[in-house]
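A.B. asks: In case you want the letters, here they are:
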Amino acid sequence: MKLLPSGSGYHRERSAALANLLKQLRAGAAAATLIIVGLAPAIAADPVAPEAPGLAPYFVPVSSAPKAPDADGFLQRWLLLEPIVKPNRSNTGFTGTYVRQALTTEYFKGQFKGAPRDGQTVAAGAPLRWHALDSTLFDVKLFNFAQGLNKPVYGVIFWAVTVIDSPREISNVRLAVGSNSASMWWVNGKEAAGLFGDRRMVMDDVVSQPLTLHKGKNILRGAVINGPGLSDFCVRFIDEDGHPIRDIALDLR
Amino acid sequence: MRHLALAVTCASLALFSSAPAHAQLAGEPYIHDPSTVTLSDGKYYTFGTGRGGLVSEDGWTWHAGGERPGGGVAPDVIKIGDHYYVAYAVGGGGMNGGHASNVKVMWTKSLDPKSPDFGYHDVGVVASSNGVEDCDAIDPAFLYAEGRLWLSYGTYFGYIRLVELDPKTGQRLAGNQPVDIAIDMEATALLYRDGYYYLLGTHGTCCDGPNSSYNIRVGRSRSPAGPYLDNMGVPLLKGGGKLVVAGRGRAFGPGHFGLIDLGDGMEKYSMHFEADMDRSARSVLAIQPLVWKDGWPLGGDNVTPGTYEIQSERAGGALELAVDFVRMPIDRRGGFFGPPAGPVSPVAMQTLAQDSAVWPAGPIDVDLGDYMIRPHQQWTITPVANAGGYFGAPYYKIVIAGTDRALAATADRKVVAVPAFTGADEQLWRIDQLTDGTYRITPKTKVATKTPLALVAIGASTPVLATFDPRSDAGRWVFKTP
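Line by line, the protein sequences give chains A and B.
Residue numbers for the first sequence follow this note's numbering, so the first one is 45 and each next one is one higher.
Residue numbers for the second sequence follow this note's numbering, so the first one is 8 and each next one is one higher.
There's no promise every hint is true.
Stated by the list, open to error - If you only want the chain B side, here are some residues facing chain A, beta carbon under 10 Å, derived: (1) G101; (2) D141; (3) F164; (4) M192; (5) T212; (6) N218; (7) M239; (8) G246; (9) G247; (10) G248; (11) L250; (12) A253; (13) G256; (14) D480.
As the list claims (entries may be wrong) - These stretches of chain A come out as covered by chain B in the derived footprint (C-beta under 8 Å, 3 or more residues): (15) 185-197; (16) 236-250; (17) 262-275.
Worth flagging that the hints you see were computed from the coordinates, not collected in a lab.
A quick note: this is a predicted structure, and the numbers were derived from the prediction, not measured.
Note that the Cβ used here is the ideal one computed from N, Cα and C, for glycine as well.
Produce the complete structure using the sequences and hints provided.
C.D. replies: Now the structure itself:
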């Protein structure tokens, strides 16, 4: 289980009030019968937090060659912006209205246009840098991205952009998204999908109306908002039969 | 024949699908994250987050009781041999932003604090998370299957993981490494059935009362280490999960599944509801029947109070008063088929007064007959307040609709309909849903035998009280709207 902060109605992080409750319960537990028989613990009993792990093993630098989707069609090459601080102690307020307002607010110039460059810095309150990365997994672990860069991990908005190079015009494809928590997605500047509420990531959670990938470059842009808890997303395109679109390539150059 | 029976069962399930899933237990069943309900010294125990838990003698009435040292969150209990192993987590859960946690195990030979065998012995830590890795080692759950002991753990913070323990000691097997088996779940449970391992877990929002969207989902695998897939083939490692049960009626947010295998084809499961609106929206223990459909577990339902034909699965006979058949009038003018000579008009059904005019005054035998939509075949089923119950189902009275004439067990293992309901044990009935969706009907009274007897169709037209045979349809019943 996960408990909620006092008064916040949030489930992902345990509140001080409940922490105190558990502390009291533990204190009470001392009176209960517990016989230590001296068996050697099988595993180290005191977990020690190691250093922040960096971006590995979840991300690697992009290679020079375009990257095809993985076997299931998931898009693994992305430009990720260091998180914008957007305090939300709870995700219970992630209504469609709130998320749409939060994710259509302009935080930096060029937010809704074109594709950024790797290493480009924008001013979104603080200077934030775009990172071109390949995810090693089917999903893009935004929490680990932020953690690995020693950036804020809770109460944040992540922006993600990728450029899809399509060898032909492909009509009647659908964008299939899962995200933790809420998110919005645009294909070639047009809104394609919105995932509202306190979400956890499920592949193909929300699927867009049919859309067309142009021959040549297409820009897919997304924004993920989260309070506490892990942040991640997974995105792919599927055809009319639900099969993944794989004859495309991701190229951020 | 089984296909036909299954079709009837499905119809019955559909019939009850809108039934409210009230937390129907009696007593003070306040708990969060209940451990698997476990029998010890004649009583049933479940432990929750924090210290202590709940205890019950019948699975229906629960009171605070039991002792579980160590504190922490979301324990689980399993009995192997004469050991009760208890796993619990200390730390993690996002407390103060932390996800460093240890899953610890201890054992006792009794869960009853009054027993001389009671006393916890520490085994030690069997799984951990370091606070940075994508895992939070809380919410442990045991599975003992095929002679091997498994433990799943984890929460929304990263992966659900599986380790293997030594069933002789409760310690982690030397060299065993955790395996990632799911994401975006918590409060997992493992089952093994017919060659499949099932991973159940909770999705949705916890700990927010009637705003909690907690719901229980499942995937299955041929190997305990996965890959676990849902009914659509979506891996649980990619967020999949088939729905088992969600909130319904006045109860929100079911979570923390625990199997209660009562034998003879009867399985139930424990969980907590995040908010029972009939109990000040507090988190409570709940127990519901578990149905298996096409190899998947599915939350079942207690019978919804109402009026039904009680149909035998043996031959489809309707439970009825063995009384003279009262004919309904038929207008044969001009034949009985083809359009009527005059305007089309509805024809009244037989009334209770018309049917009951020939009933004797005293007890009436009960048999099974072709369902003729007659009042003597229609039974009103109502929970009886303060009469107790058994594992999530209250005792019911079963009376002919519109009357007080009650189905009753007799000392010579018959069933009759007595003129008036008195509340006596022989007039109180357990109605338990079985894993195929049908129901078993059992009198509260003990009828001259050590083995509980159930309502069984020993002939196509003859119901008696007999030993329930899970291999047969003779003791299975469905409830059909009149």
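A.B. asks: Run every hint past the structure and note whether it holds.
C.D. replies: Here's how the hints hold up against the structure:
Among the interface hints, the one on B:G101 holds; its C-beta lies about 4 Å from the nearest C-beta in chain A, closer than the 10 Å criterion. For B:D141, the interface hint holds, since its Cβ comes within 10 Å of a Cβ in chain A; the closest pair sits about 7 Å apart. Hint status for B:F164 relative to chain A: holds, with the closest Cβ pair at about 6 Å, below 10 Å. Here the hint on B:M192 is kept, as its CB sits about 9 Å from the closest CB of chain A, short of 10 Å.
This hint holds: B:T212 has a C-beta 5 Å from the nearest C-beta of chain A, less than the 10 Å allowed. Interface restraint check: B:N218 against chain A, minimum CB-CB distance 6 Å, threshold 10 Å, status holds. Taken as an interface hint, B:M239 checks out: its beta carbon lies about 9 Å from the nearest beta carbon of chain A, inside 10 Å. Taking 10 Å as the C-beta cut-off, the interface hint given for B:G246 holds, the closest approach to chain A being about 3 Å.
A least Cβ separation of about 7 Å between B:G247 and chain A falls short of the 10 Å threshold, and the interface hint therefore holds. Annotation: B:G248 was flagged as interfacial toward chain A, and the flag holds, the nearest CB pair being 8 Å apart, inside 10 Å. Nearest Cβ of chain A to the Cβ of B:L250: about 12 Å, over the 10 Å cut. The hint is violated. Annotation: interface hint on B:A253 violated; nearest CB of chain A at approximately 15 Å, more than 10 Å.
Given hint, B:G256 at the interface with chain A, is violated; its Cβ is 22 Å from that chain's nearest Cβ, farther than 10 Å. Because the closest C-beta pair between B:D480 and chain A is about 39 Å apart, greater than 10 Å, the hint is violated. With 3 residues bearing a CB less than 8 Å from a CB of chain B, the region 185-197 of chain A meets the requirement of three and the coverage assertion stands. For the region 236-250 of chain A, the assignment as covered by chain B holds, since 7 residues bring a beta-carbon within under 8 Å of that chain's beta-carbons and 3 suffice.
Closer than 8 Å: that is the beta-carbon criterion, and the region 262-275 of chain A has 3 residues meeting it against chain B, so the requirement of 3 holds.
The structure fails to meet hints 11, 12, 13, 14 from the earlier list, while all remaining hints are met.
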